[in-house]
Amino acid sequence: MLSRSKRGGLWTPTMLIGLTLLGALILVAIFAPIFLGTAATQLTSNAGLGPSSEHWLGTDDYGRDLLARALVSARLTLLMTAGAAAISVIGGLAIGLAIWVSPKKLREMALRVLESAVAYPPLIFALVIAAILRPGVGSALIAIGISGIPGFARITANLAASVSHSDFVVTARLLGVPSARIAFRHMLPNMAEPLLILATTVFALSLVEISALSFIGLGVQSPQFDFGRLLNDSLDSLYTQPLMAVGPSVMIALSGLSVMLIGDALAAYADPRARNVKFRQPKATGPAVLPATDDGALVRVDDLRIGIPNGPDLVKGISFSINPGEVVALVGESGSGKSLTAMTVAGLAAQDLSTRAELLRVDNMNMLSHPDPSRLAKEISIIYQDPGTTFNPSLRMGVQLTEVLRTHLGMGRAKARRVIADAMGQVNISRPAARLDQHPHELSGGMRQRAMIASAMATGPKLIVADEPTTALDVTVQHEVLRQFRRIHKQERTAMLFISHDLGVVQELCDTILVMCQGEIVERLTKDELVRRDVKHPYTRALLEAIPILDLGAGAHKEVAVLGGVN
Amino acid sequence: MMIPLIPGDPAVVAAGDGASADQIAQVRAELGLELPLWTQFLNYFSGILRLDLGNSFVSGESVSTLIFNRFPYTAAIAFLSIVLILLVSVPLGMIVAVLTRSGRNKWLDVGFNFLTSLFYSIPQYVIGTLLVVVFAITLGWFPAAGAESPLSLVLPTAALMIGPSCVISRIVRRETAVVLEKDFVRTARGWRLRAFRLHSRYVLPSLITTTLTLSGLILTAQLGGAVIIETVFAWPGLGQGVVNAILQRDYPVIRGIILILGLLATAIIILVDVILAIIDPRNLGGSEHAV
Amino acid sequence: MNLATTGLQKPANTALDEVPLAVEVQGLNVSFGDSHVLKNVSVRVKANGVVGLVGESGSGKSTLGKTLVGINVPDSGSIRIGGLDLAGISRSERARMRREIQYIPQDPYSSLSPRRTTGQTLAEALDPVRSDPRKYKREIAEVLECVKLDAAAADKYPHEFSGGQRQRIAIARALILNPKVIIADEITSALDVSVQAEIVRLLRELRGNMDSAMLFISHNLAVTQQVCDEVVVMFQGRIVEHGPIDDVYGNPQHEYTQKLLSSLPGSPGFTLD
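Protein chains in written order, with this note's numbering: chain A, 1 to 567; chain B, 568 to 858; chain C, 859 to 1131.
Hints should not be assumed to be uniformly reliable.
Heads up, simulated BS3-like pairs for lysine-lysine below, C-alpha to C-alpha not over 30 Å straight-line [what the hints assert, rightly or not]:
1. A:LYS490 <-> C:LYS1117
2. A:LYS104 <-> C:LYS924
3. A:LYS527 <-> A:LYS462
4. B:LYS749 <-> A:LYS316
5. A:LYS415 <-> A:LYS378
6. C:LYS897 <-> A:LYS104
7. A:LYS105 <-> C:LYS897
Label-pair distances were calculated between CB atoms; the ranges are [said to hold, decoys possible]:
8. C:ASP1087 <-> A:PRO178: 35 to 43 Å
9. A:ALA414 <-> C:GLY891: 35 to 43 Å
10. C:ARG1062 <-> A:ARG541: 35 to 43 Å
What the hints contain is simulated information worked out from the structure, not anything from laboratory work.
Beta carbons are placed, not taken as given, at the ideal position from N, Cα and C, and that holds for glycine.
The following block holds chain A by itself, in its conformation from the complex (with noise of 0.2 Å):
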């Protein structure tokens, strides 16, 4: 749950509209039957008057003032609107949270049954209502009603399934907390949220249907008079008077536009995504032209700053380079910013973020500016965290291993095929070639991993910048990648920046290590100094000291330092 600071406003324009909206209707609703009640419903012989001072959209063919008519309608449709949407909206939950509590086989049952009245159009589902009973008000209500609970129901059990499965509901049905008491405690108030705004949708769907039934004639009957109803009227004038239109109309739309501005506040409030802070358009600042390299460094960044636009820097202005086939680490924790950091080095910047920096380069690119999008593509690949959301997972495995040798290296299909089947293959993936016809799902979690690797070999990089490419995997599969990024850095001397938390596994790989506290760099090690664990700086030796140690015992070789942490 998002703490109440990070959201957005309640109090939008969109709000604000929206409930003055629905309060004036509330009150033409209230009020209007009053003082506009005689002049709408009493015959005069003035039928069929145009607009007028007296009469603003004319009167109709009974001679009753127009306007009056669409306001004092107001009461009747509200009314009749929201005992339809309350219908729908408690059937709806309480059968959805029904369904939960009930034992499985039923649970299935109903859910079936559910699915198939979702699927059935609710507006002839009240058509058939409306034939069976009576025409008339309360048919109409009745039908609309009942037509809005089974998809009102299947939405609150979805939500219901979605809610049940979070771990405090699995602990509070491990303490024995009865199950009513569950749905109440627990799931209500926690799906009240998208609940709420969904009940506006059902309310201005209610009206929308209500209307129509009035207007075909199987809602509200004369002498009474709703929206529909009005509209009906109309029809039969529409070449002649069309402005008969315009009154119930406008009512319709007005009446069903304040509930959704509402409901558009309320989920606009509610997206964990929406932000305080007004989008300001982020600046990436350097160095417009390179200054002629001066050192054999493949990677160079001085003082970058990466920060969010108008607000507090998140990488403080640290400076680093990379040699060519150099393996550098930046280590930390959360919050650290060397994902940021190593991010920004790839040319992948955060879309919301300025960076700013004397100078950041790879190789000859500034990778302040725009540099070519194919140079990058070849000279730079990135190995993620999380083989498992990597992958588009309704794509298969070949189209995207061999997206950059189509797209940038221009290589035809089958060519960029071959040539990704055999990075599999030195990688240690069995039968690549079938591998490449399989979805991401069908591969395990170390097999996409090395599929990764391979495809990010493919190009013949200049630099991999790897994100905490083995902190998801098992460790025996974490050793076996370990190995591979090992024989790629002999094998080829690529560069790379490898990003960690695991002080044992960058102690085996890395050469220099760069570590990093909120935003900025505290310490430089290298391998050496690092496995004498001569440290300097307080985090650092937190750092070291927090890593639990594996204790092998009497029995086995203790190195100087042995590290065993295996996040």
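Assemble the complex: chain A is given as a structure, and chains B and C must be docked to it using the hints.
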């Protein structure tokens, strides 16, 4: 599939208001209402298999003929509007999502929400009526009613598609915003693809599943909308047929048309499921809505 | 062995010097559809014992924990908690039995109900039906002290706490009932290194002071060593090795355990070439 049972005494209705007791009894015998209920049911079902749905109380013509004649009209505007809705909503929703991510172009965000809310709130028949007023009566570009020329298709279809396009483009926009945040889109960005390729090849496929599923329900609701629209445009389809039948208490016709509409709705849902299964084999076997 | 069918007392004919086992599992088999996840698993946890359960994905360690707690239903095999066989007891006893075995899930961000205060969450453990924190002020304050949280925490909501603090609350919720055994399912895996170290410190302290046994499920061998006395190693649904943790780590007998240990960067036998 729902075959509604309409209670109430059909004989009374069929005989008409004000019929005498004798007349009612006679009608009852004619209609076979003397037989036990389950026999009536069986008769009806066997009738369905023989494509005999009984005869209209009002006109006497065969219900199945009536349905057969009216069906193409309803199907035409329903399916045409469905196709147009998808062609308009999906690109619109995607473009708006891309342009408004992370709070960019707030004006577009607000404007899009407002306009789609507005047009969604206006019922289809109101839009239909307004379209008639503006384009048929005032401007005279299209016929106001009836189904004589191909031009007659335009206004009813337009009336049918505006509302749902708003809803579906909102859904697409919301889904696109969710997909854009996903890791695999970040991976695709890492491959430095041009915007069009990125969005069409890596974002769009993930949208289709959710969008189609939700849209399927809206699309079946289109059948309900078609029913109402036909009244506005005097379009000789099933909708007009069933409304007239209800007003005249013509039970065989009501039953027959409701049955067909139910079948159509089911057909749409099945079609959507089939398309989803073809696109993404993971959809087979097990509903995502499992409780 | 004749089991008493009333109450949760020790079985009548326990030998005087026999310490009752907190958990005794025999021949447990669990499958999900076609997939046979736990294969003939037998394990014992002494009262007050702290046993680590380690393995990689697919080992079945999490499934074992969840089966003990009752989330999964076994196909065959027996589970005894505090000497009482779970299979043969009445419904009302099953409810009481549930309170003898408590579960702490992995994710601190979803294990606490967002709209209930700490006090309400803890009271719910003691009294699932009414869960009124005012009745249990003393117990709540005591358990919060055990997990090194301020008594004022009882009135706050989950979103006011950090991940490490939330995990402490989850631990408190398990402790407050003084159960026979606590199942801790990867409770440090979602935490930063420094926060993890705090929780490990807390667990080591609690180890000595609480009456409950603990089954500590983890994929992190080093953390397991810091917290536990014994370890059980699982691989593909079976138990491949078990024993005092220093013995198993120092002198692994089973091939898989050896492979597991040598895959850790920094351990002898670890090589990337």
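So, going through the hints one by one against the coordinates:
1. A:LYS490 <-> C:LYS1117: The hint holds at about 24 Å.
2. A:LYS104 <-> C:LYS924: holds, 19 Å
3. A:LYS527 <-> A:LYS462: holds, 22 Å
4. B:LYS749 <-> A:LYS316: holds, 27 Å
5. A:LYS415 <-> A:LYS378: Since the Cα atoms of LYS415 (chain A) and LYS378 (chain A) sit roughly 17 Å apart, the hinted pair holds (cutoff 30 Å).
6. C:LYS897 <-> A:LYS104: holds, 26 Å
7. A:LYS105 <-> C:LYS897: Holds, because 28 Å separates the two Cα atoms, which is no more than 30 Å.
8. C:ASP1087 <-> A:PRO178: 35 to 43 Å: holds, 38 Å
9. A:ALA414 <-> C:GLY891: 35 to 43 Å: At roughly 39 Å between Cβ atoms, GLY891 (chain C) and ALA414 (chain A) fall inside 35 to 43 Å, so the hint holds.
10. C:ARG1062 <-> A:ARG541: 35 to 43 Å: Once the Cβ atoms are compared, 21 Å apart, the range 35 to 43 Å for ARG541 (chain A) and ARG1062 (chain C) is violated.
Violated hints amount to a single one, hint 10; each of the other numbered hints is respected by the structure.
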